[in-house]
Amino acid sequence: MDVVLLSRWQFAITTIYHFLFVPVTLGLTIFLALLETCYVTTKREHWKEPCKKLIKFFGAIFLVNFAMGVVTGIVQEFHFGMNWSEYSRFMGDIFGAPLAMEALTAFFLESTFLGIWVFGWDKLPEKVHCACMWLVAIGSNLSAFWILVANSFMQHPVGFAVENGRAIMTDFVALITNPYVIGEMSHTIFSGVATSGFVLLIICAWKIARDESSREIFLQVTKAVSVYLIIGIMGAMGTGHLHAQYLAEAQPMKLSSVEALWETADPAPFAVVADINQEKRQNDAEITVPGLFSFMLYNKPEGAVQGINQLQTAAENQYGPGNYIPDVTGLFWSFRIMIACGIVIAGLGFLMGGLAWIKQDLLLKLKGLLTWMPLLLPLPFLANTAGWYIAEAGRQPWIVVGLQKTADAVSPNLTTGEVFLTMAGFTLIYLILAVAAFYIACRIIKNTTIEAVNQEGRAL
Amino acid sequence: MMDYNIIWFILIAVLFTGFFFLEGFDYGVGMLMPFVSDREDDRSQVLSTIAPVWDGNEVWMITAGGATFAAFPHVYATMFSTFYLALFLMLIALILRGVAFELRHHHESLVWQQVWDKAIFIGSALPALLWGVAMTDLLIGLPIGQDMVYQGTFFDLLSPASIVGGLAFMSLFAFHGANFLTIKLEKVQLCDAAREIGTRCAMVAGVSLILLVVLIHLKVNLLLQPVALILLVLALLAAVFGVMSTKARCGMRAFISTSLSIVFVTVGLFLALFPRLMVSSLNPDWSLTITNAASSEYTLSIMTVAAFCLVPVVLIYQGWTYWVFRHRIKADGNHEY
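Residue numbers (our numbering), protein chains in the order written: chain A, 102 to 561; chain B, 533 to 869.
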């Protein structure tokens, strides 16, 4: 393997690992802020105590997750300079600004107020303490905004000029109002809500199934969590759909690769499954629904969608000879994995939520589901990873679409040995820490008991 | 054009100074923790002094890196790819440290806590050492080619001067952390232990600061940069004053002294660099400067507005944190860490 491929692997490993924790942070901070707002404003005195315990319980799990996200985020920021120095030179004028803004507006906010939130329970008035969690939530989601501004430029460059072989920012407002940002940002936030909602739902299932004294409280929590989850997953599906429609004009190559549509068609069919032959640039076999792809894009059963082969020819005419087709097989199946995970998550959200709201006694009888649901924990993480695979592998061979190729972006002074060493080192430590963090999170869930109390303040 | 570039050189210097001042005592506390006491509840108290603030302090480093990326992308690119393996070690250390703070108190087992205590020690000592090496290297020069690409290996990063620089940072931060502990802890025995170890670290800091100035002077004529030289000497004097204050048991005075010492060292090194940010040992013309390594005037102007609006706000709310947690850590209280 060469330095480019190793650096890509390294970046992919770090990013995927980092993004296991990020969506949980994005969604859980909002959830905790909402929960604490309920705690501060509730008039039902007997709710106060269990509510506070719940906040501290979810807060403890959140903190483990947050620590993992923060430390891998630092690696992320350093990677651009360490492994991708030519990218940083070429793009620094544009890419550095949102990164610096992220640190100035978001990282300071979330880390400072989280410190106050964790250790300030007895030092601050309730409302101020609650405001701290809102600031953490704003900070986390703001950091997502800035890094997605940076990422959106790589996908769909706007507000720039190329001078002396470097991309130069000409319009900061265009950069942050890039239509690509709207799609990525909304999809990311809703995915964060859905991911954290699903994690919370699994915790509820666990506690209902295995912890009798906490059962009553977690049945109540399930009601709130399922609503939160359904908002997230529906939002993720809706924004994902709109973003895909937008890709038809912004990144047609990515879109057609996701659907393995090799030849331009009107109306374009949707391939449910396909045996993709990347070498021959065709599908050896496929099962399609006629006109569905066009319908998904244009809301009517007609309309041309450009094929990969035609887009390849167009790219060659524009940029010169070369292979401009991304990993079609990977993109095609990533998309289907993402959708499948989303459907299962939504189904479980509706099922658990519906039962918790309407028929709790039936929910309690579904022992098997409650007991085994934790095994489905990987679903949202699989969906997020697949989504990012589509986003990032879908722009290959470009690191910045149309401006710089990934192969030209790597640091020229690195040797394969160095990159291999760091890749192996990071991967090893990620694995060890994942096990440790997961173990501690499970311990917290197992060892925390929260009893419901009646209006006289006695345990039910 | 020149104006923005100078402003950003100053801002980068300010961010690094803030980083070394704040993370200086965080790193110091982390380094001293295993030596101050063997007892678990003592160590919890020690860590509690920085628990609410260390993460916010670490953002100063991330901001310094991000600002370098935004304002001087070539410096960011060259510096981070040059210090490749050093930064790898630093990142591993920082990962361990950050996770250790969070995980160590979730399990009662002694082995578990000892493992994470080691992680906190390494995670604090190694970054301190490596930043000292890096700051010295920037000034004394590295084999950087005309294309701004580093031509050396990992071992070219290590010279007598840079190793002494690393030791100076490490020992100064440890002393700084000891002084921080004496103003934040209630338990007298812990404060006494911190003072004792701190004084020993201060001796190393003093000697290595003198050596550092001499070794740098052998490579770069510091007499041509009198202000920088004066600041480096002042840093030494501040450290000496810090020792005197520690001996007189004036914790706050000692802490202010080490703070000033760190500020003087950092500003001194940056002044000696100006207008360069990374010196090429191959050819002075190949050094990265505030002009040849900078972003466009447009980007710098936008980032200047952003920095001048946001940095004061950050200072205000970070200052408020220290106000909220201004009381000493109780010897008998419950400690999350």
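Bear in mind the hints are in silico, worked out from the structure with no lab data behind them. Being a predicted model, the structure only gives us computed values, none of them experimental. The reader is advised that the hints may include incorrect statements.
Just a few of them, taken from the derived set where beta-carbon distance is under 8 Å, the chain B residues facing chain A [said to hold, decoys possible]:
1) P584
2) A599
3) A602
4) A609
5) I627
6) W818
Even for Gly, the Cβ is constructed at its ideal location relative to N, Cα and C.
Would you check whether I627(B) satisfies its interface hint, that is, whether its CB is within less than 8 Å of any CB in chain A? holds, 4 Å
Restraint: W818(B) near chain A, CB-CB cut 8 Å. Satisfied or not? Violated, because the Cβ-Cβ distance from W818(B) to chain A comes to roughly 14 Å (cut-off 8 Å).
For the restraint on A609(B), tell me whether the closest CB of chain A is nearer than 8 Å. It holds, given that the least Cβ distance between A609(B) and chain A is near 4 Å, below 8 Å.
With a cut-off of 8 Å on the beta carbons, see whether A602(B) makes it to chain A. Holds: closest Cβ of chain A sits about 3 Å from A602(B), inside 8 Å.
With chain A as the partner, please determine if A599(B) meets the hint condition of a C-beta pair closer than 8 Å. Because about 5 Å separates A599(B) from the closest Cβ in chain A, which is inside the 8 Å limit, the hint holds.
Identify whether the interface hint at P584(B) stands, where standing means a beta carbon of chain A within less than 8 Å of its own. holds, 4 Å
This entry does not satisfy hint 6, going by the numbered hints stated previously; all others are met.
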